[in-house]
Amino acid sequence: MATVHLQADHRRFTGGEKTLRVDGGTVGELITELERRYPGLGPLLTDGASVAIDGELIPDGIFEKVDASTEVYFVAPISGG
Amino acid sequence: MTVTENPRTYKYVGTRPVRHDGLDKVTGKARFAADLDMTGQLRAALVRSPHAHARIVSIDASKAEAMPGVKAVVTGADFADLDPTHPEFDMAVNLMARGEALYNGHVVAAVAAVTAAQAAAAAAAVEVDYEPLPAVLTIDEAIAKGAPIANTTNRTLFSGDAEPSNLASVNEFGRGDIEAGFEAADIIIEREFRTAAVHQGYIEPHACVADCGQDGKAVIWASSQGHFAVRSKTAAALGWSTDRIKVIPAEIGGGFGGKTTIYLEPVAVLLSQKAARPVKLVMSREEVLRATGPAPATKITAKIGATNDGEITTLQSTMYFDNGSTKGFSALTGAMSVASYKLPNLELHAIGTVTNTARSAAYRAPSAPQAAFAVETLIDELAQRLGVDPIDLRLQNAVVEGDATAMGMPHPKIGFVETLEAIKNSDHYNSPVPEGAGRGVATGFWFNIGEQSSATVNLNEDGTATVVTGSPDIGGSRASMALMAAEELGLAVDRITPIVADTESVGFTDITEGSRATFATGMAVVNACRELIEELKQRAATIKSADVERVEWVDGAAVIEGEDRLTIPEITAMAKNTGGPLTATASLNAAGAGPSFAVHVADVAVDEETGETTILRYTAAQDAGTAIHPSYVEGQIQGGSVQGIGWALNEEYIYDSNGVMENAGFLDYRMPVASDLPMIDAIIVEVPNPSHPYGVRGVGETGIVPPIPTLANAIAAATGVRMTSLPMSPPRLLAAITGGADG
Chain A
1 MATVHLQADH
11 RRFTGGEKTL
21 RVDGGTVGEL
31 ITELERRYPG
41 LGPLLTDGAS
51 VAIDGELIPD
61 GIFEKVDAST
71 EVYFVAPISG
81 G
Chain B
1 MTVTENPRTY
11 KYVGTRPVRH
21 DGLDKVTGKA
31 RFAADLDMTG
41 QLRAALVRSP
51 HAHARIVSID
61 ASKAEAMPGV
71 KAVVTGADFA
81 DLDPTHPEFD
91 MAVNLMARGE
101 ALYNGHVVAA
111 VAAVTAAQAA
121 AAAAAVEVDY
131 EPLPAVLTID
141 EAIAKGAPIA
151 NTTNRTLFSG
161 DAEPSNLASV
171 NEFGRGDIEA
181 GFEAADIIIE
191 REFRTAAVHQ
201 GYIEPHACVA
211 DCGQDGKAVI
221 WASSQGHFAV
231 RSKTAAALGW
241 STDRIKVIPA
251 EIGGGFGGKT
261 TIYLEPVAVL
271 LSQKAARPVK
281 LVMSREEVLR
291 ATGPAPATKI
301 TAKIGATNDG
311 EITTLQSTMY
321 FDNGSTKGFS
331 ALTGAMSVAS
341 YKLPNLELHA
351 IGTVTNTARS
361 AAYRAPSAPQ
371 AAFAVETLID
381 ELAQRLGVDP
391 IDLRLQNAVV
401 EGDATAMGMP
411 HPKIGFVETL
421 EAIKNSDHYN
431 SPVPEGAGRG
441 VATGFWFNIG
451 EQSSATVNLN
461 EDGTATVVTG
471 SPDIGGSRAS
481 MALMAAEELG
491 LAVDRITPIV
501 ADTESVGFTD
511 ITEGSRATFA
521 TGMAVVNACR
531 ELIEELKQRA
541 ATIKSADVER
551 VEWVDGAAVI
561 EGEDRLTIPE
571 ITAMAKNTGG
581 PLTATASLNA
591 AGAGPSFAVH
601 VADVAVDEET
611 GETTILRYTA
621 AQDAGTAIHP
631 SYVEGQIQGG
641 SVQGIGWALN
651 EEYIYDSNGV
661 MENAGFLDYR
671 MPVASDLPMI
681 DAIIVEVPNP
691 SHPYGVRGVG
701 ETGIVPPIPT
711 LANAIAAATG
721 VRMTSLPMSP
731 PRLLAAITGG
741 ADG
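Protein sequence lines correspond, in order, to chains A and B.
64 is the number that this note's numbering gives to position 64 of the first sequence; each next residue is one higher, with no gaps.
12 is the number that this note's numbering gives to position 12 of the second sequence; each next residue is one higher, with no gaps.
Looking at chain B on its own, in the form it has when it is part of the complex (with noise of 0.2 angstroms):
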């Protein structure tokens, strides 16, 4: 269902052709970065660590060099010494331990053999004498008075603080009084709120293959959200310049974030280059879960004034993130989210924590669904106490164009209001609670961003297209791009080849993340576009000895003087005649990401013997700019709103009091599956993006940040239990009830 704010008028963005990518992917045939054999390749296997926090005395490997198969070894001796300053310095550490091992699964050396099964051997025999050191594991441990230093290189960023810290970082921000908006209130609401750290749960194992030549020079074929990246980081970790590596983009089976760092590359390309042979390195669904970024766990305490007349009159939170061992994803953004009610005072204390567990990486919205989980929650008492809808009270308090964000400025054009009416107005929010359940409603913001993005577009010489971006296609941008090509070319969208080029042949592109691909990429594609169309006007002008001023681009053809016409293919087949291959390419640093808002409803049915909670009914409006494919859209709406619910009700790390992962195992890491789950009915609301040509706002995070606090919300509604601590699982929940008290 889309709720449209311009009637639309255009042929082919908005339409729903099967994606280009879609018959590979469903046979089998689409080459993720594990499919991929070389000759003569090797496959490696990582020596990790077995302790929390251990000084590394020393490795021996020579058991392990000697044994069948073994080609190369490498350890963090091997890697560059960066300085603690440079951007790269965690992510390097991360990747391989230099004289400390900073949590269970911290890679200390890794092994390249002719089989897997002899890299594997290798690896465990491998001699690692650690001395342990005391070990942090939880946010309370980190800042608690006299704590261990986690992580000694860690310094607080931007506090120009010498000495090592538990810190990460610590902001603060806000606006207004607090006190006087506390003194005007007449409800105020505080309450703690814990979150346990949760993976993406990416389906596709991280995984490389990295051939290193005589000349220096190293080929990468990566699974990653942005191969750009994969280069410089690669770059940076090994002290090499980019230009001695090229990475060419592997499918990819998921990111969701956990993909915008690289754990592989570097180690498989010093095996590579060690042992003269190619290497893949592919991690196992364990050590996925040890070892690559969750998204922080948190603790967070936020309290609420409101008058009696439903005014917000002040927010004021301490947000605390747990980065892991070394510098994550960030405190700030979760503590920016707060962006989706009229505020006049609000205080924010974000604080990053280190401490001996696996590195935070960002995950959809990173950081926001925590943050929405306590505020969200809040404004759902404050209209239970008030005894308003829900919907009302978010209405007469709802951010429109020009309100402050949470970091000030100013909202741009935004569809907020829309959002929650698209709620308000539907089917579900209209029907009768099922009886014995609860209905909850919740709301969710994210930023989405723009960044550098290029774009090269080639007519064939039968007038057929191919569309050369450098963003890996996570969600459907291939489709999107084609549409916007077909659009601006005015050539159908089965006629145009979106692909997805290495880093040596097409310009420079960040990472797909942020929600921007649609947006930024497609731009860098719709400028090409309108680039490529002034040469086709040029050529046909040629053609038919025209003034090329006399010539208009209509409907996929060039249009002399209001009559005569040169269809693309007519063109390009004479495009030898009249200079040459028609092609356009376009870079640009995209500005004007269009803010996104997302508003939930669940109904829910809890078991008060089992705790267990069924979700009975579940509808997600968010508002896309413009839905260039309303089915990826949909799907997007979809899969955030899946995995926010896996968040809510099952998923957490759970460590045991040496530091060790106990569930990491996709048996015991409990994911929502299609069984668990009652169709995700989505409702795409459109209020164009005024920065996009056509509008596009980008859609892949916000639907992640609604589902825990509406799920919670709706727990409370059916059960009047409160809950405060994630995952409000089976035995949380049943231990809330029967203890009377909020979980």
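Bound-form chain A, shown alone (with noise of 0.2 angstroms):
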């Protein structure tokens, strides 16, 4: 269980919720359980967006561990010139 934080574009899919609680002990885990609850949502989660987790970007962040004091954000993906 951890609270997942949504960019705009992802609340198309969760009828305007931005703040969710979803359960899962890893992020992909929250990501599965998402796409369970709100179809669609999963690929932009996986493919088009980068997870920060308590404030901090973690590249490909898909295996990490999260709790129920964790806050998951799903942001657009960054690069660099």
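Since the hints were derived computationally from the structure, they do not count as laboratory data.
A virtual CB, placed ideally from N, CA and C, is assigned to each residue, including glycine.
Treat the hints loosely; a few may be bogus.
Claimed, not checked - Lysine to any residue pairs mimicking SDA-like chemistry, simulated, CA-CA at most 25 angstroms apart:
1. B:Lys63 / B:Met1
2. B:Lys342 / A:Ile58
3. A:Lys65 / B:Gly254
4. B:Lys299 / B:Arg277
5. B:Lys413 / B:Ala591
6. A:Lys18 / B:Gly579
7. B:Lys342 / B:Lys413
8. A:Lys18 / B:His349
9. A:Lys18 / B:Glu172
10. B:Lys342 / A:Pro77
11. B:Lys299 / A:Gly48
12. B:Lys342 / B:Pro690
13. B:Lys29 / B:Gly254
14. B:Lys413 / A:Asp47
15. A:Lys18 / B:Lys29
16. B:Lys544 / B:Gly579
17. A:Lys65 / B:Gly592
18. A:Lys65 / B:Val219
19. B:Lys11 / B:Gly579
20. B:Lys29 / A:Gly15
21. B:Lys25 / A:Lys18
22. A:Lys18 / B:Pro412
23. B:Lys342 / A:Asp54
24. B:Lys413 / B:Val433
25. B:Lys274 / B:Lys11
26. A:Lys18 / B:Asp564
27. B:Lys217 / B:Thr242
28. A:Lys18 / B:Lys303
29. B:Lys29 / B:Val219
30. A:Lys65 / A:Asp47
31. B:Lys299 / B:Lys544
32. B:Lys342 / A:Ile53
33. B:Lys424 / B:Lys11
To be verified - Only part of the chain B face toward chain A is listed, based on derived beta-carbon distances under 8 angstroms:
34. Tyr130
35. Leu167
36. Asn171
37. Glu179
38. Ser284
39. Gly310
40. Met336
From the two separate chains plus the hints, produce the assembled complex.
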């Protein structure tokens, strides 16, 4: 279980909800649960987003562990020049 | 000048040794890709579309193939057909057209011949039958109702739409209540901003040499910001497995984001395979400008509200970034870079467009300078309207640790306030504005990133060391790797040789981008050194028949029980008797990149008869976290500033009505030179990043973000004219001054 924050783009799947409590022990499990609850959202989170956990951007964070106190942000992918 | 949060305690980190690659570069000995020549090597030339948009009806290379010296011709039919959903589809289509030419300069065929002149002549003899199609050249044309489709393979990213579109991506994000934010505001300012496409302007054109063997494997010598990416992108474009490709990094003559993608290598490999000879392919400057990634042109509307007390209540912005012919660089990043102020109410729309112009590419803090131009102009106007100091207004609203970024997540430890204060306390800011001149201030933010890196540290038998990484050195990273290794090992930096190894000689390493090399690859070096030190302690314990638990590593030596001391050379000399060579390798996917802020101040004079802007004085402060090699940090700050100054005052892609770039050369594409500029005074601010062993944040990109609004604000102070279109070139500024309207 963790708190998940979604970008505006994602909220069309959640009826406008931007912060959700989601079951799962890893970021990947959170995405699986979100896809189950909101079909179509999962691919946006796996292919189209970076993950920030408790304020820190985690590259390829799908296996990162989360718990009840974890704040997970799905944000747009960031690269650089 | 350096403003340091913590007193320095390092012996090597923070010093300024001569860079390891410096002598070769200043004596001309360094070998760039175009310098390489192989036995039996052919030269290649590219056939480019003269149309901005056209269907390729047929390609007849028979005349070219019969010409003297011609050994091979390739077209789109020779390349792998990737599914449009493949992540490298757009890159592959961009390097060789399939079915349609999508912009003027799009490659449609390539020829290899014994000499460059023969290749050029044969390329001119390739007969291509085109059916011209309607072209879309600007953001406004792309979003117009009923606009022709610029690229029929484009689908709007993540929209789920199945129909072709001129939108690469449409995103929206924000927080709070925008309407309530504007209702709470006493002052509301709204403006529209336009910026032209600009080029990264690296001095070395794209170049490579490819040699394909009879075993079906290829070796590529390439100029790039990431040779592992060259390997994977080439493999994707050809439909090959990566083990068939080895990429050897040549020295690189600048990239600034523009060499994070590829244009030539798969073409050279196929030509080499067909001809069974090595093939060298080098772009001309005109080709670089016409057909390699500029930074996107933009159209940005921004509306900001604040109270009479100076509290910013809300920001609303719609940002269009033109990707060019295929999805290039994301509009989102620009929008997300609006991260410097506490914004309780925020609404950002980020839209990427597709047009029949060259595909855009990353350029140093990609898309952030354009966004900063809009937001920092409005902040300056707010300060003007409120009658407050522009730095004080920014300090009042500046984000600190824990405040939300544009994306919502909290900022980690950052040094924005310290950077603002560094400029506020600077000699420049406290000096009087020269008579008749104007002073401008602006800020910039960049995320910085981590990604994957590998490093190996080898101790040689005499106690010297080699640090092996996979990060091409585009900004002095070899020196910073050597300095961190020196600090860890306690070994003088001139006894360490840092090298950049090929794709078969070091672990996978992502591109040198996002200001990540010293941060992430540096962490890999530090980790490898720490593993090596544990091994050195073990060897010392063996030599002295001591318990390893009683061995400490102190200033480059193993100290046994606080007394007996063995130096690195003494341990390496005994290596063969204690377990063999001393080496250690570390790889990581680095988290914890530290965001960086910059604050610039400029004094300018504007000639009201010509519209020419002269920069009288320029000072740039930036939070580096920790400056590993201060000279190169200053160099990055100065270089970013100069590129931003060029973007602000002169540089632009000028297209004719047919989509032909009219200024594809440095004579007409005016970049700043030394005589155009005063000394850029650099102030290094050090608020260490707690996620890096030495506090590194990365410094390569942020410096390009503030110059555009800094100069726009200075010009407004000097002339009373608020410029909202780039470049603020003499004719455009003169028109604005004489017209009495904003430009």
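Are Ser284 (chain B) and chain A close enough, Cβ to Cβ, to be under 8 angstroms, as the hint says? violated (23 angstroms)
Is the hinted pair Lys65 (chain A) and Gly592 (chain B) satisfied, with a Cα-Cα distance of at most 25 angstroms? holds (16 angstroms)
Can the hint on Leu167 (chain B) be confirmed by a CB-to-CB distance to chain A that is less than 8 angstroms? violated (13 angstroms)
So if I understand the rule, the pair passes when the alpha-carbon distance is 25 angstroms or less; does Lys29 (chain B) with Gly254 (chain B) pass? Cα-Cα ~17 angstroms, so holds.
Could you grab the alpha-carbon distance between Lys299 (chain B) and Arg277 (chain B) and see if it respects the 25 angstroms cut-off? violated (47 angstroms)
Straight-line alpha-carbon gap Lys413 (chain B) to Asp47 (chain A), limit 25 angstroms: violated (28 angstroms)
Next pair to validate is Lys274 (chain B) with Lys11 (chain B); report whether the Cα-Cα distance is within 25 angstroms. At roughly 55 angstroms apart (the allowed maximum being 25 angstroms), Lys11 (chain B) and Lys274 (chain B) break the hint.
Starting from Lys65 (chain A), check that the Cα of Gly254 (chain B) is at most 25 angstroms away, please. Violated, because 40 angstroms separates the two Cα atoms, which is more than 25 angstroms.
Hey, Lys18 (chain A) versus Asp564 (chain B), does the alpha-carbon distance stay inside 25 angstroms? Since the Cα atoms of Lys18 (chain A) and Asp564 (chain B) sit roughly 62 angstroms apart, the hinted pair is violated (cutoff 25 angstroms).
For Lys18 (chain A) and Gly579 (chain B), compute the direct alpha-carbon distance and say whether it is at most 25 angstroms. Roughly 58 angstroms separates the two Cα atoms, so the pair is violated.
Would the hint linking Lys29 (chain B) and Val219 (chain B) be met if the CA-CA limit is 25 angstroms? Roughly 22 angstroms separates the two Cα atoms, so the pair holds.
Is the Cα-Cα distance between Lys544 (chain B) and Gly579 (chain B) 25 angstroms or less? Roughly 14 angstroms separates the two Cα atoms, so the pair holds.
Of the numbered hints listed earlier, those contradicted by the structure are 1, 3, 4, 6, 14, 15, 18, 19, 20, 21, 24, 25, 26, 31, 33, 34, 35, 37, 38, 39.
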